[in-house]
Amino acid sequence: MAKEKEVQQLSEVTVRFAGDSGDGMQLTGSQFSDTTAFVGNDLNTLPDYPAEIRAPAGTIYGVSGFQLHFSSEDIHTPGDQPDVLVAMNPAALKKNLAEIKKNGIIIVNTDAFDLKNLKLAHYEKNPLEDGTLEGYTVFGVRISHLTENALEGTPLSPKEVARCKNFFALGLMYWLYNRPIQNTVDWIQQKFKKNPEFVDANTKALNAGFNYGEMTEAFTTRYDVVSARLPKGTYRNISGNEATAFGFLAASVQSGLPLFLGSYPITPATEILQYLSNFKNFGVKTFQAEDEIAGVTSAIGAAFAGNLAITTTSGPGLALKTEAIGLAVMTELPLVVINVQRGGPSTGLPTKTEQADLLQAVVGRNGESPVAVLAAKTPRDCFYMAIEASRIAIKYMTPVILLTDGYIANGTEPWRIPSVDSLPKIDVKFRTEKEGFYPYLRDDNLARPWAVPGTPDLEHRIGGLEKANIYGTVNYDPDNHNKMIHLRAEKIKNIENDIPELEVDGEQQGELLVLGWGGTYGAIKEAVIKARVAGIKVSQAHLQYVNPFPKNTGEVLKRFNKVLIPEINLGQLAKLIRSEYLVDVIQFNVVRGLPFRVSDILEKITETLGGKNGK
Amino acid sequence: MENNVEVKTVKLTAKDFASDQDVRWCPGCGDYSILAQVQRTFPEIINVPKEDVVWISGIGCSSRFPYYMDTYGFHGIHGRAPILATGVKLANPKLSVWVATGDGDLLSIGGNHFIHACRKNIDIKILLFNNRIYGLTKGQYSPTSEKGKVTKTSPYGSVDYPFNPTMLATGSEATFVARSIDRHTKHLQEMIKRVGAHKGTAFLEIYQNCNIFNDGAFSVLTEKETKDDNVLILEQGKPMVFGKDGNKGIKLDGFTPRVVDLTNGQYSVNDLWIHDEFEESYVRSAILSSFTETPGFPTPIGVFRQVLKPTYEQGLVAQIEDVKKKKGAGDLEKILFGGNTWEVN
Chain B
1 MAKEKEVQQL
11 SEVTVRFAGD
21 SGDGMQLTGS
31 QFSDTTAFVG
41 NDLNTLPDYP
51 AEIRAPAGTI
61 YGVSGFQLHF
71 SSEDIHTPGD
81 QPDVLVAMNP
91 AALKKNLAEI
101 KKNGIIIVNT
111 DAFDLKNLKL
121 AHYEKNPLED
131 GTLEGYTVFG
141 VRISHLTENA
151 LEGTPLSPKE
161 VARCKNFFAL
171 GLMYWLYNRP
181 IQNTVDWIQQ
191 KFKKNPEFVD
201 ANTKALNAGF
211 NYGEMTEAFT
221 TRYDVVSARL
231 PKGTYRNISG
241 NEATAFGFLA
251 ASVQSGLPLF
261 LGSYPITPAT
271 EILQYLSNFK
281 NFGVKTFQAE
291 DEIAGVTSAI
301 GAAFAGNLAI
311 TTTSGPGLAL
321 KTEAIGLAVM
331 TELPLVVINV
341 QRGGPSTGLP
351 TKTEQADLLQ
361 AVVGRNGESP
371 VAVLAAKTPR
381 DCFYMAIEAS
391 RIAIKYMTPV
401 ILLTDGYIAN
411 GTEPWRIPSV
421 DSLPKIDVKF
431 RTEKEGFYPY
441 LRDDNLARPW
451 AVPGTPDLEH
461 RIGGLEKANI
471 YGTVNYDPDN
481 HNKMIHLRAE
491 KIKNIENDIP
501 ELEVDGEQQG
511 ELLVLGWGGT
521 YGAIKEAVIK
531 ARVAGIKVSQ
541 AHLQYVNPFP
551 KNTGEVLKRF
561 NKVLIPEINL
571 GQLAKLIRSE
581 YLVDVIQFNV
591 VRGLPFRVSD
601 ILEKITETLG
611 GKNGK
Chain V
1 MENNVEVKTV
11 KLTAKDFASD
21 QDVRWCPGCG
31 DYSILAQVQR
41 TFPEIINVPK
51 EDVVWISGIG
61 CSSRFPYYMD
71 TYGFHGIHGR
81 APILATGVKL
91 ANPKLSVWVA
101 TGDGDLLSIG
111 GNHFIHACRK
121 NIDIKILLFN
131 NRIYGLTKGQ
141 YSPTSEKGKV
151 TKTSPYGSVD
161 YPFNPTMLAT
171 GSEATFVARS
181 IDRHTKHLQE
191 MIKRVGAHKG
201 TAFLEIYQNC
211 NIFNDGAFSV
221 LTEKETKDDN
231 VLILEQGKPM
241 VFGKDGNKGI
251 KLDGFTPRVV
261 DLTNGQYSVN
271 DLWIHDEFEE
281 SYVRSAILSS
291 FTETPGFPTP
301 IGVFRQVLKP
311 TYEQGLVAQI
321 EDVKKKKGAG
331 DLEKILFGGN
341 TWEVN
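Protein chains in written order, with this note's numbering: chain B, 1 to 615; chain V, 1 to 345.
Certain hints may be false.
[Said to hold, decoys possible] Each computed BS3-like pair below joins lysine-lysine, with the alpha-carbon atoms no more than 27 Å apart: (1) V:Lys238 x V:Lys251; (2) V:Lys147 x B:Lys429; (3) B:Lys280 x V:Lys324; (4) B:Lys604 x B:Lys530; (5) B:Lys575 x B:Lys562; (6) B:Lys434 x V:Lys15; (7) B:Lys280 x V:Lys327; (8) B:Lys425 x V:Lys324; (9) V:Lys147 x B:Lys191.
[Stated by the list, open to error] Covered by chain V, per the in silico footprint, the following chain B stretches (three or more residues, Cβ under 8 Å): (10) 86-98; (11) 248-258.
[Said to hold, decoys possible] Restraint ranges, calculated between C-beta atoms of paired labels, are given here: (12) B:Pro456 x V:Phe278: 53 to 61 Å; (13) B:Val363 x V:Thr153: 29 to 37 Å; (14) V:Ser108 x B:Glu580: 35 to 43 Å; (15) B:Val363 x V:Ser108: 28 to 36 Å; (16) V:Asp322 x B:Val428: 52 to 60 Å; (17) B:Pro265 x V:Lys309: 23 to 31 Å; (18) B:Lys101 x V:His78: 51 to 59 Å; (19) V:Glu223 x B:Asp443: 53 to 61 Å; (20) B:Gly436 x V:Thr153: 54 to 62 Å; (21) B:Asp444 x V:Ser108: 38 to 46 Å; (22) B:Pro456 x V:Lys224: 39 to 47 Å; (23) B:Asp444 x V:Val150: 37 to 45 Å.
Derived from the structure by calculation, the hints contain no laboratory data.
Small disclaimer: the values here were computed from a predicted structure and weren't measured.
Yeah, the Cβ is synthetic: ideal placement off N, Cα and C, and Gly gets one too.
Please model the complete structure; the sequences and the hints are all you need to start from.
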């Protein structure tokens with residue numbers, strides 16, 4: 001038995017797993033996340049994978065990564081710079097080294113550092129031997145070899161054995177960060193229950209990795225990150241896409257309306273369709289359509305027929321759905337369009353994150369075509385915003401666009417699960433009375449009646465041509481068109497009376513307000529916290545409603561001398577805020593396909609204040 | 001099959017299906033006939049309550065159709081009628097969903113939705129008003145215009161080959177494929193009834209005269225002097241005979257159809273192709289479809305093919321019921337609190 005090893009307490013750690021696309025890094029990372037959540041840390045994750053499914057092994061462009069930030073404190077981002085890199089091959093090292101903290105830990109699979117792989121990674125010399133890694137704590141582990149040893153006598157083929165090595169690495173990381181392996185053992189049993197030999201092999205590899213840490217002399221220290229003080233409750237780890245799917249399922253239950261999803265697979269939104277297709281026993285109808293246009297148009301048909309109708313997509317898909325969303329505006333039908341934003345323009349960066357579809361969502365249609373636009377700020381917030389988007393769509397008989405992004409869609413965080421009783425009910429009023437019925441009558445919210453096919457005596461026609469106010473017949477009268485244009489705009493604007501006011505975190509007035517929207521919430525929040533620790537006075541406000549804006553937005557902005565808007569685009573919210581409120585905001589725009597680095601926002605805050613510390 | 005039949009105390013008439021809107025097609029347009037035949041046949045074929053009927057359209061002259069029917073209606077966007085109809089049908093499978101569309105709408109901008117509706121066998125009824133011209137944009141060639149068509153956008157003649165709509169529907173395995181002509185009112189009524197009775201994607205191509213931009217496109221099939229020699233009326237179980245006094249017939253040699261003369265003693269009706277619309281294989285429907293492109297062949301009208309297979313929405317509903325049985329009705333609390341959870345005290 002090796003001597004008892006020292007356990008060092010840390011408050012937070014950022015780990016990045018990196019390897020070939022086929023190395024199972026996403027799985028390794030998500031297993032580590034689940035276990036870490038289970039032991040009670042707060043956490044935040046950033047899967048970062050290439051658009052190619054299995055790029056040639058050993059290449060830099062084939063490297064898949066999974067970053068995980070966990071802490072004994074409340075945290076909001078996946079971490080700027082990893083403390084630890086697990087690199088399964090030279091390409092993974094090459095691609096990630098620059099981002100690892102100086103003095104950080106690097107664990108490499110030395111078996112993969114052969115001439116062929118070094119060449120594929122464009123290393124002329126072996127970086128493990130030429131001083132490249134000077135200043136880092138490097139652990140060279142023969143992960144492939146040790147996995148083979150552990151699986152001696154297995155009926156698996158050599159190729160299958162090689163694929164177990166990620167579990168060895170995971171076991172080693174569990175040992176290093178003092179986490180139990182049991183969660184993953186249970187998961188393996190569930191996942192491979194039809195293949196006992198895989199259960200056996202993967203469990204052995206996992207154990208071997210764990211024991212290797214315990215036995216080998218190389219590792220002298222283990223680390224521990226104690227549980228975070230989270231509010232009391234039942235928790236699960238959840239991604240934004242999963243939360244979005246749950247949110248619409250909940251909206252269906254809370255409204256009593258069957259859920260219809262018309263969708264076409266597109267990265268990074270596909271998972272929502274996948275999750276919802278599991279919920280058939282809730283009566284959920286998922287329709288995998290022939291294209292993006294069919295996805296949204298089938299949903300419009302389903303809305304006409306009385307379902308809670310939604311469509312999921314990402315940027316290029318939203319562009320294709322544009323004309324149909326205009327039809328839903330004109331016919332005033334409830335529809336929710338979910339856009340999981342990714343890097344653009346065109347096909348852009350399909351697996352990366354961005355916030356550059358804001359203007360597309362708010363104004364990107366022909367004609368005066370107002371829709372409500374909401375934006376979720378964290379993975380778990382997707383759940384609540386999905387319910388809220390459904391509520392607004394139904395109450396106001398309007399399309400609603402819900403913006404999330406690749407980062408919060410794929411990223412995970414612990415979620416205190418709400419009881420169903422605590423969720424809001426969604427009122428639905430189908431029109432059934434014949435007396436006084438007209439298709440474009442308006443209620444107090446300016447919403448028209450929802451009279452669905454199958455309702456006796458309310459037969460009527462709707463469509464994309466301009467309609468006479470109240471009567472709903474085709475109408476080309478100039479004054480009627482003017483009236484309808486204004487009514488549709490007013491209806492959307494009125495939603496401001498029915499949504500929460502914009503809250504300011506920190507001083508309610510002063511020198512600097514940092515204003516953000518959507519998925520940048522965590523990075524801005526952490527930067528603001530760090531700034532305050534450094535003695536800087538700065539406040540934060542974050543928009544989850546971008547059309548209409550919360551009613552008090554203009555008034556909030558005027559309480560600060562400076563307003564800084566960090567966005568992962570070239571200033572789309574800044575444009576809207578300037579034109580709406582005539583406030584000369586300061587922009588901060590970095591569009592790298594990745595979430596903001598906290599340090600970058602912090603630096604911008606400092607720069608904006610010009611050494612005045614906001615006082 | 002679910003039983004949607006409700007006994008109506010008042011028998012509906014054609015008038016019950018006419019809305020209060022003035023019909024705004026050009027005087028003399030073939031669309032008037034189609035509307036009249038639909039309204040005449042509907043009281044007979046609609047075996048669901050009137051409020052369960054929905055008419056859906058895209059863009060074009062034909063797509064104004066829903067405004068003139070006193071049923072639920074949705075005038076959609078260009079090319080999207082079949083998929084809009086699909087959404088309506090899936091949301092509420094008991095509805096009787098009809099699509100009115102044109103050659104540009106269905107076969108040009110909407111081609112993808114058309115073939116996928118056929119492939120999925122969604123129970124929607126598609127009436128294609130084929131006038132071989134763009135009418136609402138005032139006279140440009142369409143995807144069914146004959147090659148060499150001189151129009152405003154093809155002053156030297158179009159260079160593209162036309163689509164063959166029944167061939168396309170057949171190749172997409174539509175379970176019902178038929179053709180009729182606006183001026184053959186009795187035949188058209190018969191075909192609309194057949195469409196109404198079919199369960200699954202039903203496709204009816206209707207040759208429709210645009211008297212403004214493509215007048216006379218089908219006159220050889222409608223004028224007294226020429227129609228007998230140029231129209232082949234398909235009848236179930238009957239030999240394919242056409243021509244004045246039934247003097248010609250179609251013989252099938254393997255996969256090759258031939259027009260034969262029945263008056264010179266060489267062939268009799270016993271040698272002819274016997275039409276079987278219920279044949280599982282779509283090969284013969286394709287051969288029939290090819291007639292319009294083959295010189296010397298008559299244009300078939302009638303039911304090319306009708307086969308029955310479970311519809312998409314039946315499959316969808318059955319799957320939902322099946323999963324409910326296996327898993328029990330959905331419990332949101334269970335889903336939210338499922339997976340890997342942990343307690344914080």
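### Query
Broken hints, numbered, in rising order?
2, 9, 10, 12, 16, 20 and 23
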